[in-house]
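The residues making up each chain are set out below.
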Amino acid sequence: MKKKIIVVGNGMTSVKFCQKMVEAELLNNYELLVIGDEKYLGYDRVHLTDYYTGTPVTELTLEPLEWYNKNHIEVLTGNLVIEIDKANKQIKMQHGSAYNYDILVLATGSSAFVPPIPGVEKTGVFVYRTFEDLDAIKTFVKNAKKGVVIGGGLLGLEAAKAIMDDNVATTVLERMPWLMGRQLDERGGAMLKQKLQKQGLAVMTDAITSEFLGEERVTGVAFADGSKIETDVVVISAGIKPRDELARKAGLEIGKNGGIVVDNGMRTSQPDIYAIGECALAAGMIWGLVSPCYQMAEILVERLKGEDKWFTGADMSTKLKLIGTEVASFGDALGQAQGSIPLILENKFSGIYKRLNISEDGKYLLGGILVGDTSEYNMLLQASKNRIKLPKDIDSMLVGTGKGGGLTIGVLDLPEEAAICSCESVSKGKICHSIEANNFTQIGEIKKHTKAGTGCGGCVPMLDDLLTATLKKQGKEVKKVLCEHFHFTRQELYDLIKIEKIKTFHDLLIKHGKGAGCEICKPAVASLLASIWNETIVKHQVIQDTNDRFLANIQRGGSYSIVPRIPGGEITPQKLEVLGKIADKYNLYCKITGGQRIDMFGARVDQLPQIWEELIAEGFESGHAYGKALRTVKSCVGSTWCRFGLHDSVGFAIEVENRYKGLRAPHKIKGGVSGCIRECAEARGKDFGIIATEKGWNLFVCGNGGANPAHAVLLASDIDKETCIKYLDRFLMYYIKTAAPLTRTAKWLSGLEGGIEHLKDVVINDSLGLAHEFEKDMQYLVDTYKCEWKEVIENPELRMKFKAFINSEDHDTSIEFVPMRDQKMPTPWVKEH
Amino acid sequence: METLENIITKKEVKLWYKTAKAVDFPENGGACVLVDGQQIAVFNFSASNEWYATQNMCPHKYEMALSRGITGDSSEEPKVACPFHKKSFSLKSGQCLSGDPYQIEVYPVKVENGYVYIGIK
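Line by line, the protein sequences are chains A and B. 1 is the number of the first residue of the first sequence in this note's numbering; add one for each residue after it. 1 is the number of the first residue of the second sequence in this note's numbering; add one for each residue after it.
Note that these hints are calculated values from the structure, not bench results. Be a bit skeptical, because a hint or two may be false.
Examples of chain A residues toward chain B, derived with CB under 7 angstroms [to be verified]:
1. A87
2. K511
3. A516
4. G517
5. C518
6. T546
7. Q555
8. G558
9. F805
10. S808
11. E809
12. S814
13. V818
14. M820
Cut-off 20 angstroms, straight-line C-alpha distance, at most; resulting in silico cross-link-like pairs (PhoX-like, lysine-lysine) [as the list claims (entries may be wrong)]:
15. K121(B) - K803(A)
16. K18(B) - K803(A)
17. K786(A) - K801(A)
18. K668(A) - K86(B)
19. K142(A) - K721(A)
Just so it is clear, the structure is predicted and the values come from calculations on it, not from any experiment. For every residue, glycine included, the Cβ atom is placed at its ideal position computed from N, Cα and C.
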């Protein structure tokens with residue numbers, strides 16, 4: 001008969017334990033019952049804040065119910081265990097029933113530590129721990145203007161960010177002299193504080209809260225020194241408290257400051273009862289990070305298998321991004337090891353703090369702290385973990401930049417057993433082997449196969465490096481370089497141009513390229529220069545494709561077509577007449593475009609400036625139909641006329657089109673705005689589509705018509721116009737910065753690591769900490785917009801560039817037309833090849 | 001030897017046709033000149049101070065367009081890509097570099113006293 005294991009708790013550690021039991025095929029020997037007291041199945045608490053910002057429960061759920069069923073794991077949610085009867089090997093439930101066990105695993109986790117401050121029971125004081133807590137906060141802060149977060153640790157800062165994003169002016173109160181005292185030293189903490197304050201978060205350190213003020217509802221906080229501040233809401237995130245009450249009641253040994261005492265094999269003082277995760281006092285401490293808790297789960301499974309595995313402590317290294325600030329600490333971060341000597345770099349201008357603790361003999365890196373720039377984290381962590389011998393010139397480690405820092409080691413130098421992913425304990429050897437054995441070329445494949453990078457995600461850049469290095473070893477081309485003239489990707493060139501303030505193709509070629517350029521790199525660089533500096537593109541005429549060179553669309557026969565901007569497709573009868581008159585005067589063929597505007601065909605190059613002079617005098621401007629740029633924002637008629645319309649879709653389309661007009665991108669961009677779910681603007685076939693809902697607008701992105709149609713996918717729902725514009729700014733800049741040349745948004749998304757969820761994370765949750773920069777860069781482009789045609793007609797020198805011949809005033813007589821359906825068309829091509 | 005027939009060597013030049021001031025031509029790009037009513041594309045590689053001239057018509061679809069194409073090089077061979085369908089041609093030999101059996105005429109160019117001259121037979 002199978003033995004019965006009961007797991008009390010259904011948090012992350014519990015789920016990991018179940019997964020490992022399945023993997024180890026131990027369920028042939030054991031029957032497994034999991035009991036959780038929350039009403040949800042075990043979820044990813046590390047990403048709790050994602051729930052706050054709208055990620056649905058289903059996506060945070062670690063394993064769906066079907067998984068438990070499939071593996072014959074019985075799971076009970078919303079059930080509280082109230083007693084352990086050690087003698088009879090039985091647990092008792094709150095609602096009266098009881099279960100017998102052979103082995104009991106306590107994975108009861110922790111609860112928020114609530115300091116005994118008077119007034120803590122008042123309305124408006126919350127903890128930040130479960131979905132229910134977050135639901136309550138979310139509802140409450142709708143009517144709050146000011147907020148306070150108690151606790152300046154990891155979770156506290158996350159909570160602060162969450163409510164700050166709900167438009168609450170937030171102050172973090174930390175009782176210690178600096179933030180993140182567990183991970184950072186004083187100067188690192190001070191640097192973080194400075195950076196967070198710049199982002200609009202108020203931070204008070206040495207702030208000892210003595211009382212929460214107010215009658216029934218909290219209205220302020222009083223401090224030990226007598227001072228006070230006002231607040232409408234308080235969120236407490238002052239640490240965790242192991243949930244040991246069940247074990248305590250059963251008479252198991254409990255630590256002085258709480259926690260169920262276990263030996264290195266996870267066994268409690270009662271031989272048939274084990275404890276894992278945050279409730280366990282293992283190797284002398286409570287482990288409040290997911291990776292050591294996962295290790296405990298794994299070790300227990302190994303022991304049930306009969307293996308001799310021990311928990312001896314775990315790496316507490318961590319890297320994260322808080323409110324746009326990168327922070328990391330690894331190994332012996334605070335330099336507590338004997339003889340450890342710190343090397344410190346501090347730059348208050350750029351907001352960078354770097355501390356590396358070196359062994360007394362100068363040979364090894366013991367640990368360190370990074371604030372402001374964590375790009376070197378992974379390599380530094382590996383160097384310290386694997387005791388890699390440091391270069392003689394230790395100074396270079398401080399000033400080095402990039403992935404390896406001053407360290408001249410690469411991923412391939414690491415030993416095979418180096419743990420790349422500590423959440424899932426996956427070694428370098430395992431990753432490289434999986435790439436070679438399965439011919440993987442994508443990070444996603446590695447993640448799926450090895451589980452590396454599926455926890456905190458911090459090691460994903462290293463996976464990327466390993467993939468690149470392994471593929472290179474196999475002789476496969478990895479890097480998508482632009483062309484033979486630039487050994488860089490488009491994204492790398494974007495950064496070079498921006499950082500080095502390069503303004504011309506020539507300068508870029510001299511500094512970073514070779515040869516004379518070609519028809520691939522020249523327009524790509526022209527597009528980058530326009531996306532970054534927004535100077536008139538006519539200045540860079542010879543590196544543009546012909547359409548951008550002459551600011552019109554070349555057509556069969558060598559004539560050009562003209563498309564003035566008609567934002568949202570709305571046009572007055574007077575302006576329609578103007579277009580008719582001008583088209584008539586120059587004998588231009590007219591057609592309505594798919595983007596709700598009017599295309600006028602058959603103009604010669606030398607006629608373009610004159611025609612535009614007349615159009616501009618009548619109030620038209622360039623429609624950028626010739627550019628890899630924003631084309632149109634198509635709209636349906638919306639609530640102003642339509643009996644079904646919910647909001648003014650035309651008005652919004654005009655606003656959006658005017659905001660992004662002239663915006664240059666890796667490829668053309670089209671938008672759409674529909675006034676209701678009937679979607680007459682076909683917005684979901686566009687690069688971005690906005691559809692009115694009862695409560696606001698739904699924003700869809702990365703749709704496409706054309707050869708490979710794709711429906712745009714939902715980025716955010718029921719948002720107001722301001723939020724919609726904010727998300728669009730971020731989305732478009734992220735696309736502009738990272739897409740390969742001539743890649744539409746749909747294709748870009750399909751190749752984007754992490755897909756739409758990653759995109760949501762970047763745009764909505766600011767997971768890269770770049771949202772502010774994206775918005776700033778976009779605002780710059782909006783503010784510096786000029787109509788290119790207006791610039792040309794006002795500048796005689798630029799006008800000269802529209803001559804047919806350098807040495808003659810004649811026009812090109814080779815262009816010929818024949819009549820067609822009351823209009824004209826170019827003479828058919830003479831002969832097909 | 002079709003290739004050789006299409007290249008006029010400097011020795012064969014019967015007339016150097018004066019077109020326009022060198023400064024009037026765009027730098028590192030192409031432009032069109034009329035030589036006795038005939039359209040000729042002139043390409044100025046100012047970075048290396050080299051000039052090339054070819055027929056303006058792309059032999060693919062008979063479009064008068066090569067002067068409006070993007071110039072550059074491929075393995076150090078100077079070239080132009082037609083703006084219509086991106087067929088590229090060597091500016092030295094006139095050969096199509098995109099794998100099609102096209103050949104365009106190339107003309108010698110010289111710059112004297114600030115003027116650009118095209119050599120014709």
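Each hint, compared with the structure:
no., hint, in the structure
1, A87, "violated (84 angstroms)"
2, K511, "violated (13 angstroms)"
3, A516, "holds (4 angstroms)"
4, G517, "holds (4 angstroms)"
5, C518, "holds (3 angstroms)"
6, T546, "holds (4 angstroms)"
7, Q555, "violated (10 angstroms)"
8, G558, "holds (5 angstroms)"
9, F805, "holds (5 angstroms)"
10, S808, "holds (5 angstroms)"
11, E809, "violated (10 angstroms)"
12, S814, "holds (5 angstroms)"
13, V818, "violated (16 angstroms)"
14, M820, "violated (19 angstroms)"
15, K121(B) - K803(A), "violated (27 angstroms)"
16, K18(B) - K803(A), "holds (18 angstroms)"
17, K786(A) - K801(A), "holds (19 angstroms)"
18, K668(A) - K86(B), "holds (19 angstroms)"
19, K142(A) - K721(A), "holds (18 angstroms)"
Violated hints, in rising order: 1, 2, 7, 11, 13, 14, 15; the structure is consistent with all others.
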